[in-house]
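Quick note, the sequences are listed as chains V and E, same order. Per full-length UniProt numbering, the first sequence starts with residue 1, numbered consecutively. Per full-length UniProt numbering, the second sequence starts with residue 1, numbered consecutively.
Hints are not guaranteed to be accurate.
To be verified - Estimated spans, in silico, between C-beta atoms of each pair:
#1 E:37 to V:120: 55 to 63 Å
#2 E:169 to V:41: 36 to 44 Å
#3 V:203 to E:11: 19 to 27 Å
#4 E:177 to V:121: 22 to 30 Å
#5 V:37 to E:235: 36 to 44 Å
#6 V:156 to E:77: 25 to 33 Å
#7 E:25 to V:199: 28 to 36 Å
#8 V:199 to E:235: 36 to 44 Å
#9 E:169 to V:186: 51 to 59 Å
What the hints assert, rightly or not - Here are a few chain E residues that sit away from chain V, every Cβ distance over 12 Å (derived from the structure):
#10 17
#11 53
#12 80
#13 107
#14 108
#15 146
#16 177
Keep in mind the hints are simulated off the structure, nothing from the lab. Keep in mind the model is a prediction, meaning the values are calculated, not measured. Just so you know, even glycine gets a beta-carbon here, dropped at the ideal spot from N, CA and C.
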Amino acid sequence: MIAVLTRDLRLAIRAGGGFGLGLAFFLLVAVLVPLGVGPEPATLARIAPGILWVGALLACLLTLDRIFALDFEDGSLDLLATAPIPMEGTVAMKALAHWLVTGLPLTLVSPVLALLMNLPAQGYPWLLASLLLGTPALSMIGTFGAALTVGVKRGGLLLSLIVLPLYVPTLIFGAEAVKRGAQGMEAAVPLLLMAGITFGAGALLPFAAAAAIRVNLR
Amino acid sequence: MSIWEYANPKKFMQTSAWALPWVSGAAAVCLVTGLIWGFFFTPDDYRQGSTVKIIYLHVPAAMMAINAWVMMLVTSLIWIVRRHHVSALAAKAAAPVGLTFTLIALVTGALWGQPMWGTWWAWDPRLTSFLILGLFYLGYIALWAAVDNPDTAADLTGVLCIVGSVFALLSRYAVNFWNQGLHQGASLSMDAEENVADVFWVPLVVCIVGFILLFVALVLARTRTEIRARRLAALVARERMA
């Protein structure tokens with residue numbers, strides 16, 4: 001399982017493209033929104049939590065179809081399926097690798113973008129905590145969506161359609177936690193609910209994703 | 001004799017051919033009775049005026065939009081556990097019907113909301129979760145359409161339906177948490193405190209029964225079409241092999 005993880009990480013870093021793409025997209029969102037809605041600091045501060053979360057979500061979505069598609073095309077997914085580790089483990093490692101190359105960097109650069117978006121200072125810890133806890137759920141749900149659509153030609157758009165409704169609870173709780181934190185309100189409840197979704201997704205979705213992969217390889 | 005006999009396509013076709021006219025007829029009778037009664041023979045509400053009458057479309061459609069997904073969940077589970085093709089095809093057949101009911105509920109809700117709340121759309125928990133339910137239906141239908149092999153498609157959509165059910169439920173409570181809105185609470189709960197008055201209640205129940213029967217009739221008819229399409233595909237494939 002460690003081998004699968006390191007292989008995916010190495011591929012992601014060396015092959016380029018996918019690794020920086022999500023980050024660049026996240027940055028673009030944070031640049032375009034002030035251009036679109038106007039630069040008033042008060043407005044930006046009010047919409048910052050939502051925009052940052054939506055940006056992170058879309059950046060995550062952008063890189064999802066790479067999780068299985070390349071392995072499916074060159075046949076290494078079949079090899080992974082016959083490898084002596086369970087498919088569930090492979091899927092979980094794939095999701096972890098996706099998180100390490102998209103979710104974690106997004107979380108780490110988010111304070112800089114929050115600065116651009118004029119997020120109130122007390123919102124920063126909540127932004128970091130919610131992204132750190134929430135982006136693994138995005139990766140895991142996305143891995144499930146990618147597993148469903150791996151056999152479909154040009155499945156990217158279909159993948160977005162399937163995955164976006166599944167992202168709704170995570171987005172709501174994540175953005176709500178940041179919003180409450182930025183206003184100096186109690187924000188632990190949405191954060192905990194979102195953490196519950198993350199752990200639930202991590203515990204259950206590998207089985208669903210592995211089942212979908214097996215169906216697609218049959 | 002068990003219910004699983006009806007999983008045999010031949011048996012299903014026979015039974016549904018017999019049942020379909022009866023169910024359709026009963027649905028038509030209930031809908032015509034309920035709607036005419038509701039529209040023409042009930043008084044206007046003292047606050048809402050005649051716009052209250054849209055309830056006879058709105059509430060049953062909304063109920064069936066959710067129940068259609070539940071039915072798809074059950075049939076998907078049956079397909080995944082027992083591999084009965086009719087079950088998977090019934091789930092496939094129900095999805096567009098459920099989507100249509102969702103759209104009816106959303107559109108009639110907008111038409112009702114405009115005079116009552118002064119807005120076509122509000123980001124209210126119920127409205128939002130219905131919009132998300134519509135998206136779930138779209139994704140489900142798109143996945144069916146995208147996968148070529150019917151058995152693979154049935155498996156994948158089955159998994160999607162199960163996972164989607166969990167997330168649809170989560171979304172429901174998430175949007176509740178996110179915003180407290182305009183929409184009134186349940187009007188048909190068993191405790192009579194919040195119920196609609198009896199004059200509206202009886203035709204509404206008739207309409208709900210009519211919508212349930214309409215749903216069953218549509219799903220039966222569409223499932224028959226799916227089975228025939230599957231048989232046709234098998235015949236074409238055999239032709240090509242020969």
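Consistency of the hints with the structure:
Separation of residue 37 of chain E from residue 120 of chain V is about 57 Å and conforms to the stated range, judged on CB atoms against 55 to 63 Å. Checked against the given bound of 36 to 44 Å, the beta carbons of residue 169 of chain E and residue 41 of chain V, roughly 39 Å apart, stay inside it. Residue 203 of chain V and residue 11 of chain E have their C-beta atoms about 40 Å apart, which leaves the hinted 19 to 27 Å range violated. Taken as a hint, the range 22 to 30 Å holds for the pair residue 177 of chain E and residue 121 of chain V, whose Cβ atoms sit roughly 26 Å apart.
Restraint check, residue 37 of chain V to residue 235 of chain E: a C-beta distance of roughly 59 Å breaks the suggested window 36 to 44 Å. The given range of 25 to 33 Å is respected by residue 156 of chain V and residue 77 of chain E, whose C-beta atoms sit roughly 29 Å from each other. For residue 25 of chain E paired with residue 199 of chain V, a C-beta distance near 51 Å fails the hint of 28 to 36 Å. At roughly 50 Å, the beta carbons of residue 199 of chain V and residue 235 of chain E sit outside the given window of 36 to 44 Å.
Distance hint check: the CB atoms of residue 169 of chain E and residue 186 of chain V are about 25 Å apart, inconsistent with the given range 51 to 59 Å. Against the 12 Å criterion, residue 17 of chain E stays outside the reach of chain V, whose nearest CB is about 32 Å from its own CB. Non-interface call for residue 53 of chain E relative to chain V: holds, since the shortest CB-CB distance, roughly 32 Å, exceeds 12 Å. Against chain V, the non-interface label of residue 80 of chain E is violated: not every CB pair exceeds 12 Å, the least being about 9 Å.
For residue 107 of chain E, the condition that its CB be more than 12 Å from all CB atoms of chain V holds, with the nearest at approximately 20 Å. Every C-beta of chain V lies more than 12 Å from that of residue 108 of chain E, the closest at about 22 Å, which supports listing it as non-interface. A cut-off of 12 Å between C-beta atoms contradicts the statement that residue 146 of chain E is not in contact with chain V; the least separation is 5 Å. Chain V draws residue 177 of chain E into its interface by the beta-carbon criterion, the shortest separation being 7 Å against a cut-off of 12 Å.
Of the hints listed earlier, those the structure fails to meet are numbers 3, 5, 7, 8, 9, 12, 15, 16, in rising order.
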